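Turn these sequences into a full structure, and let the hints steer you where they fit.
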Amino acid sequence: MDDIEGKILSNKSIAPGYCLLRVRLSGSMGVVRPGQFIMMKIPDGGVFLRRPFSIYDYQKGVLTIMYKVVGKGTEQLSKAIKDTPVLTLGPLGKWFVLDKRRVPVVVAGGIGFAGVYALIKKLHGKASIFFGCSTKDEVVLLKDAMPFHPLIATLDGSYGFRGNVIQLLKKHLNGLKDKNVEVFTCGPDNMVKSLKGLIEPHGIPCQVLLEERMACGMGLCFGCVKKTTDVQEPYKRVCKEGPVFDLWEISL
Amino acid sequence: MGNISVKLFGKGLRNPVFNASGTLGYGVEIEPLWGVETLGAYVTKGLSIKPHHGNPTPRVWEERHGMINSIGLQNVGVDRFFDEYLPFFKKKKTPIIVNFFGFTEDEYIACAEKIKPDRSIVALEMNLSCPNIKAGGISFGKEPGMVFDIVKKVKAVTTIPLFAKLTPEVKNIVDIAKAACDAGADGLTLINTMPAAGFDAKKRNIPLKGGLSGPVLKPIALRAVYECSKAVPVPVIGAGGIMDATDAVSFFMAGARAIQVGTATFVDPYAIPKIIKGIADFLDVNGYKKIDDIIGITHEK
Chain A
1 MDDIEGKILS
11 NKSIAPGYCL
21 LRVRLSGSMG
31 VVRPGQFIMM
41 KIPDGGVFLR
51 RPFSIYDYQK
61 GVLTIMYKVV
71 GKGTEQLSKA
81 IKDTPVLTLG
91 PLGKWFVLDK
101 RRVPVVVAGG
111 IGFAGVYALI
121 KKLHGKASIF
131 FGCSTKDEVV
141 LLKDAMPFHP
151 LIATLDGSYG
161 FRGNVIQLLK
171 KHLNGLKDKN
181 VEVFTCGPDN
191 MVKSLKGLIE
201 PHGIPCQVLL
211 EERMACGMGL
221 CFGCVKKTTD
231 VQEPYKRVCK
241 EGPVFDLWEI
251 SL
Chain C
1001 MGNISVKLFG
1011 KGLRNPVFNA
1021 SGTLGYGVEI
1031 EPLWGVETLG
1041 AYVTKGLSIK
1051 PHHGNPTPRV
1061 WEERHGMINS
1071 IGLQNVGVDR
1081 FFDEYLPFFK
1091 KKKTPIIVNF
1101 FGFTEDEYIA
1111 CAEKIKPDRS
1121 IVALEMNLSC
1131 PNIKAGGISF
1141 GKEPGMVFDI
1151 VKKVKAVTTI
1161 PLFAKLTPEV
1171 KNIVDIAKAA
1181 CDAGADGLTL
1191 INTMPAAGFD
1201 AKKRNIPLKG
1211 GLSGPVLKPI
1221 ALRAVYECSK
1231 AVPVPVIGAG
1241 GIMDATDAVS
1251 FFMAGARAIQ
1261 VGTATFVDPY
1271 AIPKIIKGIA
1281 DFLDVNGYKK
1291 IDDIIGITHE
1301 K
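These protein sequence lines map, in sequence, to chains A and C.
With my numbering, the residue at position 139 of the first sequence is 139, and numbering never jumps.
With my numbering, the residue at position 49 of the second sequence is 1049, and numbering never jumps.
Bear in mind the hints are in silico, worked out from the structure with no lab data behind them.
Quick caveat, the model's predicted, so the values are computed rather than measured.
Worth double-checking, as some hints may not be accurate.
[Unchecked claim] Here are the simulated DMTMM-like pairs of lysine to aspartate or glutamate, each with C-alpha atoms no more than 20 Å apart in a straight line:
(1) C:Lys1274 - A:Glu5
(2) A:Lys240 - C:Glu1029
(3) A:Lys41 - C:Glu1084
(4) C:Lys1203 - A:Glu75
(5) A:Lys170 - A:Asp189
(6) A:Lys72 - C:Asp1200
(7) A:Lys240 - C:Glu1084
(8) C:Lys1203 - A:Asp189
(9) A:Lys7 - C:Asp1268
(10) C:Lys1209 - A:Glu212
(11) A:Lys94 - C:Glu1031
(12) C:Lys1203 - A:Glu211
[As the list claims (entries may be wrong)] Covered stretches of chain A (chain C as the covering partner; in silico rule of three or more C-beta atoms under 8 Å from a C-beta of chain C):
(13) 1 to 15
(14) 47 to 54
(15) 209 to 220
(16) 234 to 245
Beta carbons are placed, not taken as given, at the ideal position from N, Cα and C, and that holds for glycine.
Below is the structure:
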């Protein structure tokens, strides 16, 4: 892990409000595992703190992140042009751990896809993939995962299953629950909550990638915590003990 | 090379640059980038007699020139710190300053009593920004009388040199500084974060109230260091918005014997080693032999 300078290769809008950023890094990040993230900023760009982004892809010195424009930091980033210098601290945090005896099922909602794509890529077709979003406009986010045949739900029914991704998963649960599956998920809080409700009775293991406002990204400030079932020390750092947690240890 | 080592209470320190409490975790987290042995001394995360869970999120909020935090003093408690982390600092031959707090006088006293003198401990640093529950939640550091009482009681139970870390949200910080010294404080840390609120214009609410830190604080901290270091005979540690070596040098010239770097580390995780090098470079370039030669040079003779 280190703080590495980079230069923007491309920064494209891929759907309304979503961008894909590719950065050529001047040094190696070392081994990067699915679920890890980086803290990124444009030097002197008018934003005080760095922002955390899941590592979407990293190969041959090129880092790719997929992000949704949600506030000041991502707005500024979305306007950055080719050759803009960036600072990238990473890779950071804990990653998804695969158990070879289990059948992986990936469940993602909206920009949560950015957190699980590296895992999908590593599993290379071995995972069942469930993805949910609002409308067909966002389905394009899945472009790189299309070869692995994701099942897709849209809230307005404009593409695939009409409804949310957990309703879609529920339809397939009978086929999955006897297969010794493990779920890997990333998405909005309400999605994770209903996922928990759905799989809890079946005792299905689940690793969840969580998001939180961060300052340092490396465990220094204790700013980005989530409440867990640990009675002694309930608040765990998303950047250090996470961002991937055992779903059954998180108080939602 | 200019000599940047300093002496504090008879102990020689490699340099006068420390982290501010709570901005370098438990010290181990920075290992992948640089080690705590880089520091003049490591200031512990604020410790309490019992473990403390801290506040729900959001705990951090960005401002244009700084940030607001409301961590709520989450910590593993003084016992676990000494069991789990002190051996790490001993192995690293890194002296520590033990920051501690309480919500009652008894908690402060119990905490100070618990910390036994040790070769690794340079000093204690008591956080006086905590709300005093028995006094209706007003911070211990707000009134000279309250500061005098609590410092005196803590001094009575420890032989370790004691820094009082003061809040800037007071009528006259020089009066508070004098009260702390009259009660026996061996040094002062100036300043803690400033009470502030974040505002979410999109959601039209106040997501958190907490302590403001970062460069926005620097001029306030510099004034406190300047005024107080002139008024009291004890060493002053400067803290508040120090982002680079130029800021650090300003604090030494204003009268600080050492400085603490906090929020800068979140912006640039290498801020501390860069500042240490920058101070040495400043001495060289300007023909100073040692850091002592610039400490307090702005004071009128």
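Now for the hints, and whether the structure bears them out:
{"no.": "1", "hint": "C:Lys1274 - A:Glu5", "verdict": "16 Å, holds"}
{"no.": "2", "hint": "A:Lys240 - C:Glu1029", "verdict": "9 Å, holds"}
{"no.": "3", "hint": "A:Lys41 - C:Glu1084", "verdict": "34 Å, violated"}
{"no.": "4", "hint": "C:Lys1203 - A:Glu75", "verdict": "17 Å, holds"}
{"no.": "5", "hint": "A:Lys170 - A:Asp189", "verdict": "18 Å, holds"}
{"no.": "6", "hint": "A:Lys72 - C:Asp1200", "verdict": "12 Å, holds"}
{"no.": "7", "hint": "A:Lys240 - C:Glu1084", "verdict": "18 Å, holds"}
{"no.": "8", "hint": "C:Lys1203 - A:Asp189", "verdict": "18 Å, holds"}
{"no.": "9", "hint": "A:Lys7 - C:Asp1268", "verdict": "18 Å, holds"}
{"no.": "10", "hint": "C:Lys1209 - A:Glu212", "verdict": "18 Å, holds"}
{"no.": "11", "hint": "A:Lys94 - C:Glu1031", "verdict": "16 Å, holds"}
{"no.": "12", "hint": "C:Lys1203 - A:Glu211", "verdict": "19 Å, holds"}
{"no.": "13", "hint": "1 to 15", "verdict": "holds (count 3)"}
{"no.": "14", "hint": "47 to 54", "verdict": "holds (count 4)"}
{"no.": "15", "hint": "209 to 220", "verdict": "holds (count 8)"}
{"no.": "16", "hint": "234 to 245", "verdict": "holds (count 3)"}
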